[in-house]
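2 protein chains.
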Amino acid sequence: MKKIKLVIVGLGVIGRGVIEILLEKKEFLRDMGLDLKVVALCEVDGSIVSDEGIDLKKTLELAGRGELDKHKQWSNSKSIEILGEVKADIVLELTPGNIENGEPGYSHIKGALKNGMHVVTSNKPPIALHYRELHELARGENLELRYEAAVGGAIPILNLHQKCLQINEVESIYGILNGTTNYVLSKMVEDGLSLENALNEAKELGIAEQDPSYDIDGVDTALKVVILANSILDMNVEFGGMKIRGIRDVTPESVELAKKHGYVIKLIGDVRRMEVSPRLIPVDHPLNVSDSLNAVMIDSDVAGELTLVGHGAGARETSSSIYSDVIDIAAGI
Amino acid sequence: MKKIKLVIVGLGVIGRGVIEILLEKKEFLRDMGLDLKVVALCEVDGSIVSDEGIDLKKTLELAGRGELDKHKQWSNSKSIEILGEVKADIVLELTPGNIENGEPGYSHIKGALKNGMHVVTSNKPPIALHYRELHELARGENLELRYEAAVGGAIPILNLHQKCLQINEVESIYGILNGTTNYVLSKMVEDGLSLENALNEAKELGIAEQDPSYDIDGVDTALKVVILANSILDMNVEFGGMKIRGIRDVTPESVELAKKHGYVIKLIGDVRRMEVSPRLIPVDHPLNVSDSLNAVMIDSDVAGELTLVGHGAGARETSSSIYSDVIDIAAGI
Chain A
8 MKKIKLVIVG LGVIGRGVIE ILLEKKEFLR DMGLDLKVVA LCEVDGSIVS
58 DEGIDLKKTL ELAGRGELDK HKQWSNSKSI EILGEVKADI VLELTPGNIE
108 NGEPGYSHIK GALKNGMHVV TSNKPPIALH YRELHELARG ENLELRYEAA
158 VGGAIPILNL HQKCLQINEV ESIYGILNGT TNYVLSKMVE DGLSLENALN
208 EAKELGIAEQ DPSYDIDGVD TALKVVILAN SILDMNVEFG GMKIRGIRDV
258 TPESVELAKK HGYVIKLIGD VRRMEVSPRL IPVDHPLNVS DSLNAVMIDS
308 DVAGELTLVG HGAGARETSS SIYSDVIDIA AGI
Chain R
8 MKKIKLVIVG LGVIGRGVIE ILLEKKEFLR DMGLDLKVVA LCEVDGSIVS
58 DEGIDLKKTL ELAGRGELDK HKQWSNSKSI EILGEVKADI VLELTPGNIE
108 NGEPGYSHIK GALKNGMHVV TSNKPPIALH YRELHELARG ENLELRYEAA
158 VGGAIPILNL HQKCLQINEV ESIYGILNGT TNYVLSKMVE DGLSLENALN
208 EAKELGIAEQ DPSYDIDGVD TALKVVILAN SILDMNVEFG GMKIRGIRDV
258 TPESVELAKK HGYVIKLIGD VRRMEVSPRL IPVDHPLNVS DSLNAVMIDS
308 DVAGELTLVG HGAGARETSS SIYSDVIDIA AGI
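These protein sequences, in sequence, are chains A and R.
Heads up, the first sequence is in the working numbering, so the first residue is 8 and it goes up one at a time.
Heads up, the second sequence is in the working numbering, so the first residue is 8 and it goes up one at a time.
The reader is advised that the hints may include incorrect statements.
When chains are identical, the list treats them as one kind, so a pair holds in a single copy or across two.
Once the Cα atoms are required to be at most 20 Å apart in a straight line, the calculated EDC-like pairs of lysine to aspartate or glutamate come out as [stated by the list, open to error]:
id: 1; residue 1: Lys266; residue 2: Asp291
id: 2; residue 1: Lys170; residue 2: Asp38
id: 3; residue 1: Lys33; residue 2: Asp308
id: 4; residue 1: Lys170; residue 2: Glu151
id: 5; residue 1: Lys44; residue 2: Asp277
id: 6; residue 1: Lys250; residue 2: Glu50
id: 7; residue 1: Lys77; residue 2: Glu107
id: 8; residue 1: Lys117; residue 2: Glu263
id: 9; residue 1: Lys117; residue 2: Glu176
id: 10; residue 1: Lys94; residue 2: Glu151
id: 11; residue 1: Lys94; residue 2: Asp58
id: 12; residue 1: Lys266; residue 2: Asp198
id: 13; residue 1: Lys10; residue 2: Asp58
id: 14; residue 1: Lys33; residue 2: Asp62
id: 15; residue 1: Lys44; residue 2: Asp335
id: 16; residue 1: Lys33; residue 2: Glu176
id: 17; residue 1: Lys250; residue 2: Glu260
id: 18; residue 1: Lys170; residue 2: Asp335
id: 19; residue 1: Lys33; residue 2: Glu178
id: 20; residue 1: Lys117; residue 2: Glu143
id: 21; residue 1: Lys44; residue 2: Glu178
id: 22; residue 1: Lys65; residue 2: Glu88
id: 23; residue 1: Lys10; residue 2: Glu110
id: 24; residue 1: Lys267; residue 2: Asp198
id: 25; residue 1: Lys65; residue 2: Glu245
Worth flagging that the hints you see were computed from the coordinates, not collected in a lab.
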């Protein structure tokens, strides 16, 4: 049995989902020869540390009631302090990232790597904004920095490329990388709704956030495109170099006209062209997927076009990618 | 540089495609640290053996002209004899398989394993009909038996499951696993053709074989379902246990009626239910893919539904899966 010590930073929707899966899959992981133990949990305003392993069930209960600070091991130590002190194998950085500077994830990831711990993150901005620096830091320390969950949620596009398409050189990657906009555009096609009405429906269902600007304006998609460009196409690009147009200008009339000619309008992130824009997609094309699904097409020189369709969000679904990275790293420890 | 000796059995469309990729990717593979050398090529009526490595360019030229027997190292030794004698690391078994008994691939795979060589195959019948026996033989010899290319051509469904969805338990798998039937059904939907006319078109384009019964009657799909059931769902099932209905009864009227209600008819292989049958699929479902594309949906307990769409056939595309298996095995040698 391999004993792996984890630190979880961020107890939001994703963080709690990751803990739930850990409780649910405890035996399954043991059957794989892995004993995962969480030795530190860090939130914005404090932390819980226990080298013996934290009682996760109790922690989830308290977190659910917003009473994490009532945990008997709760301290006001900041996450960045804990990351500099704790001795663990892998840090799961699961906070939401600031699009301007990638914080607080940027500092968390650096802190973890400098303290000799591998990092798995679902946090887009630090990877998109500081790709080279963080990669070089990890390489220099001989540590792994993995972020499958940051691009496409449950869709294992990075791992598919690395582990299943080894003989291929990838020529282009494009697709639907944002579930909110896809839900909105799908509703405009199916129910003839205006963008505003479709967006309100998405908000009511909890698919869209109250301020969905980052989704609607293509920023979220652009962050993922930057990560894919650097990771898979090795393009060495920056977020500032992206051409970004969101879906605010898409009208019911344009949707209807497209439909009449056998097309749908989708917000497409085009990695090779570093572009996010609404595009016409033939109705029978593999990228024409509905609801809040994501779909990524990877065009490579031997396999040809391969499309992955799946859930781009959701705490449970995203955990699939997080544990895929964790298990890979654990195998190498 | 790791030196890996290969044996290629079968110089049909797939075998020649695999050799072409080897010539094309020689430098790419060397950059990965792999020096792949073909030390034996076996055909039905004879073989070429050279421990120094066979001149593949020359061999392709001769094979293209149907003059392989003019190769200066050509001998009448049968493939099964060569497999018992030659010393190599990996055998690529790329012959077409007999659906009744899995021959000649069945004997080739056994011969290769018994002689201490790993096996990679694109050959469905031996794996579908003799799954347990061949697996136990490989395990007993501590050798790898891999067959990504036998299910879904370029679609890396087995490797995706094994390498990217580690935390998941798969609940069901279903999809379009035969390109010929998908082409025919797509043409019936798009152009209102009868099955016969659509099939004739497919034959003219070389998508369907002159006798397309195995495709049209669902046998090819059923073989893939058996492999997926045993490999991914660990179901221990046999080909005889399959319920198989092909697409011969699908009429233009039923296609039209489905279309009017927002559905298409697709030939679906359902792995959990061990069934192949034409089913109604909503037009906006990820499995509604056109032309000769294949699409496999894998529903698992953490990631949820994930669909892979790609080329289910073609020598070049299938080579992507064959080399994925070869590179994995080489990494462990």
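(Q) Which constraints among the numbered hints does this structure fail? Numbers only, ascending. (A) 5, 6, 7, 8, 9, 17, 21, 22, 23, 25
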